[in-house]
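Asks: Read off the chains here:
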Amino acid sequence: MNPNYQLTDSQDSYGFGFLDEFAKREIRRVILKAISIPGYQTPYASREMPMGRGFGTGGLQLTLSMIGPEDTLKVIDQGSDDSVNAVNLRKFAELTCPDVSTTESTTEATLIQTRHRVPEIALREDQVLNLQVPYPDPLVIVEPSEAKRKIMHGEGDYARLLTKLYEDLVKFDEITISHRYPTRINGHYVIDPSPIPRYDVPKLHQSQALLLFGAGREKKIYAVPPYTNAEPLVFDDVPFRTENFYNADGKRRACNRCGSTNSFLDELNLEDGSKAWQCSDTDFCNRQLARTDAGEVTQ
Amino acid sequence: MKPILEVKGLTRIHGTECPSCLDMTGPEHDTNVCPACGSVVAAANVSFSLQPGEILGIMGESGSGKSTVVKTLYFDQAPSRGSAIFRDGDQNHELFNLNGAEQRWLRNHRFGMVYQNPNLGLNFGISAGGNIAERLLMNDLNHYGDIRRRAGELLTRTDVMVSRMDESPKQFSGGMQQRVQIAKALATRPPLLYLDEVTTGLDLSVQARILDLILEIQHELGTAMIVVTHDLGVIRLLASRTLVMKYGRVIESGLTDQILEDPQQAYTQQLVASTL
Ligand SMILES: Nc1ncnc2c1ncn2[C@@H]1O[C@H](COP(=O)(O)OP(=O)(O)OP(=O)(O)O)[C@@H](O)[C@H]1O
Ligand SMILES: [Mg+2]
Ligand SMILES: [Zn+2]
Ligand SMILES: [Zn+2]
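Protein chains in written order, with UniProt numbering: chain A, 1 to 299; chain B, 1 to 276.
Treat the hints as calculated values from the structure; they're not laboratory data.
Idealized CB from N, CA, C, for every residue including glycine.
Just to be clear, a hint being listed does not mean it is correct.
[Claimed, not checked] Counterexamples of contact, computed for chain B against chain A with all Cβ distances above 12 Å:
#1 Lys8
#2 Ser20
#3 Asn108
#4 Gly129
#5 Asn131
#6 Leu136
#7 Leu137
#8 Asn139
#9 Asn142
#10 Tyr144
#11 Asp146
#12 Met176
#13 Pro191
#14 Ser253
#15 Thr256
#16 Gln270
[What the hints assert, rightly or not] To give an idea of the interface, some chain B residues facing chain A are shown, with a C-beta separation under 8 Å as derived from the structure:
#17 Asn99
#18 Ala101
#19 Arg104
#20 Gly130
Produce the complete structure using the sequences and hints provided.
Replies: Below, the structure is given as structure tokens:
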């Protein structure tokens, strides 16, 4: 996003939420369709946004088409509210959606736009999570033709994707996909859950909050509605594994800031050449820290 | 016994097609290209039936329409007209009236195909075992250990060393590639197998072993097969009945022994004479 971007002086020339009402209506209609067919990549007319595609325009269009003055918006990038991208997107929303409040608190937000993470704190029924998606179709790695991919999705034909996992197991004794783990929604469509780590995939399953996925460049919207099954593709005898953050001694690493041992950790390279681990979800980390400071016992 | 496959009037025309296409092509016109519109009549009015467990041979010169017949039956391409009934247990499938999903289901579960060019039948980007795994996964076998075991068994059965199952078939010899293709085709124990020039281009000794393998499979599993070849030796060894094709037409059909000993058509006489 252009950091100097300004709305035109006459505020009337842009409506609330930047998008025109027709665009919003179309996106809302597509969202409803996506909710009705869980996991189905619903095509939509992705609009030009004043930032490059690939910078979260898909997620932003979801956000702008559904946000209202009573909403409280949180924007995160890799778990952080303070990264350049998150700040830019939040500023853009503040600029184009007067009266909307923004927050860094996961629990206060009604609408959360995110890239690469699902918040650590379980979301509620009254919250919606909009995920930014670069590549919506998990089948691209095995089938270049979109027409053929559509048929495969329609028939629930994911044998070639599973063959890819088979080859992984043969070569590496484990499934090596670290992000974008193919996940079957409601027993049929397999989605690319966007570049969230494997750690976050179980959070999609039977989520209380509505989960929406927006791919701006690829012009697709899909959904995991509340209380819907989301199952990572696996073999019957090879269970799905998430990152475990064990150290060499088999002990779970803790966040070196808040001490938490039940969050997704980012690996940091310190100046002295050593490594440290810290919560990737900054809001979660701050909460844990506040509890410790307040004298509550950490786990 | 009722035939497993009954083909009637199978016709495949490449091009715009005009009313003269069928009248002005064929052996008596010495061409399969329609002089009026330039369409290629790859196959015209091909009819035959196949009994369960039987091997039917299709022979004829290059371009006579042999591959066209099996490719339409395997849904690689659609026929211009004609019908084919596939009997599977007590179910009759009218092959060319099925929708795409039904056709793909039969192809993945009930038919097997071995192509002359292993490139068409195998994915060289994955291992030999992976090629077989894919077909097992299509059949809802979802247990990694079971898939490995079954792929290993199939490769052993087709004389491919299990120690090489995790290599890409790209590095295999031509004969081994055909064995992997056969293992893959057999993965679902299909009642019907199409073999299109499986031994063409291989050394004679390699050919002989693959032909033996095909016969063994027929005896063990009772698989019905259509064997396409322009090699009379292959026909003689494998096929109980044979169709002879020329310019898209079946010009002679019957018991292989009779055709080879007493060919009725001058063309068949020539084919037989040329290999004596
Ligand atoms: N896509 C196509 N477009 C036009 N003509 C085609 C096409 N495919 C095949 N043909 C023609 O149809 C005829 C029959 O082809 P087919 O491949 O069935 O012959 P074949 O008997 O298998 O020959 P070969 O022994 O060389 O494999 C040939 O004249 C071929 O050139
Ligand atoms: Mg051919
Ligand atoms: Zn922390
Ligand atoms: Zn014609």
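Asks: Can we trust that tyrosine 144(B) is non-interface, i.e. its beta-carbon lies farther than 12 Å from all of chain A?
Replies: 4 Å, violated
Asks: Test the statement that leucine 136(B) is away from the interface with chain A: the closest C-beta pair must be farther apart than 12 Å.
Replies: 9 Å, violated
Asks: Taking the closest pair, is the beta carbon of threonine 256(B) still more than 12 Å from chain A?
Replies: 38 Å, holds
Asks: Please settle this one: aspartate 146(B) was flagged as non-interface, so is its CB more than 12 Å from every CB on chain A?
Replies: The assertion about aspartate 146(B) is violated, with a minimum of 8 Å to chain A.
Asks: Does serine 20(B) sit more than 12 Å from chain A, CB to CB?
Replies: 35 Å, holds
Asks: Find the nearest Cβ of chain A to the Cβ of glycine 129(B) and say whether that gap is larger than 12 Å.
Replies: 7 Å, violated
Asks: Against chain A, does lysine 8(B) keep a CB gap of more than 12 Å to every residue?
Replies: Holds, since 29 Å exceeds 12 Å.
Asks: Just checking, asparagine 131(B) versus chain A, shortest CB gap more than 12 Å?
Replies: 8 Å, violated
Asks: Find the nearest Cβ of chain A to the Cβ of methionine 176(B) and say whether that gap is larger than 12 Å.
Replies: Correct as stated: the minimum Cβ-Cβ distance to chain A is 18 Å, above 12 Å.
Asks: Hey, is leucine 137(B) genuinely clear of chain A, shortest beta carbon separation above 12 Å?
Replies: 4 Å, violated
Asks: May I ask you to test the interface hint for glycine 130(B) with respect to chain A, counting a Cβ-Cβ separation under 8 Å as satisfied?
Replies: 5 Å, holds
Asks: Would asparagine 108(B) pass as off the interface with chain A, using Cβ distances and a cut of 12 Å?
Replies: Asparagine 108(B) is in fact no farther than 12 Å from some Cβ atom of chain A, at 8 Å.
The structure is inconsistent with the numbered hints 3, 4, 5, 6, 7, 8, 9, 10, 11, 17, although it conforms to all the rest.
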